[in-house]
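Student: Sequence:
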Amino acid sequence: MEKNFLIVVAHPDDECLLFSPTIIGLISRHKTGHILVFSTGNSNGLGSMREKELNESCQQLGIDLSRCLALNLTDLQD
Numbered sequence: 001m002e003k004n005f006l007i008v009v010a011h012p013d014d015e016c017l018l019f020s021p022t023i024i025g026l027i028s029r030h031k032t033g034h035i036l037v038f039s040t041g042n043s044n045g046l047g048s049m050r051e052k053e054l055n056e057s058c059q060q061l062g063i064d065l066s067r068c069l070a071l072n073l074t075d076l077q078d
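Those letters in the sequence shown? Residues 1 to 78, by my numbering.
Just so you know, these hints were derived from the structure itself, not from any lab. Check the hints yourself; a few may be wrong.
Subject to a maximum C-alpha distance of 30 Å in a straight line, what follows is the list of computed DSS-like cross-link-like pairs (lysine-lysine) [said to hold, decoys possible]:
no.	residue 1	residue 2
1	K52	K3
2	K52	K31
3	K31	K3
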């Protein structure tokens with residue numbers, strides 16, 4: 001049976017700052033990862049750059065970009 005995991009964080013970079021060891025461990029056990037980020041971190045106009053960094057982080061962590069989603073919830077920008 002295939003196992004998946006979902007990491008949910010508020011801002012881009014939280015996935016790697018808080019969960020890198022967990023993600024790497026799960027990926028090494030052949031689990032399929034998904035990342036959901038609630039904001040793009042655009043409070044200071046850097047949202048598109050931070051979203052690009054999120055995609056690079058997902059690639060480095062071994063998560064397919066089709067499973068890496070950043071929402072743009074305006075109440076959570078920082």
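Student: Decide, hint by hint, whether the structure agrees.
Tutor: Status of each hint after checking the structure:
1. K52 <-> K3: It holds: about 27 Å lies between the C-alpha atoms, which stays within 30 Å.
2. K52 <-> K31: Roughly 24 Å between the alpha carbons, so the hint for K52 and K31 holds.
3. K31 <-> K3: holds (6 Å)
Consistency with the previously given hints is maintained throughout, with no hint failing.
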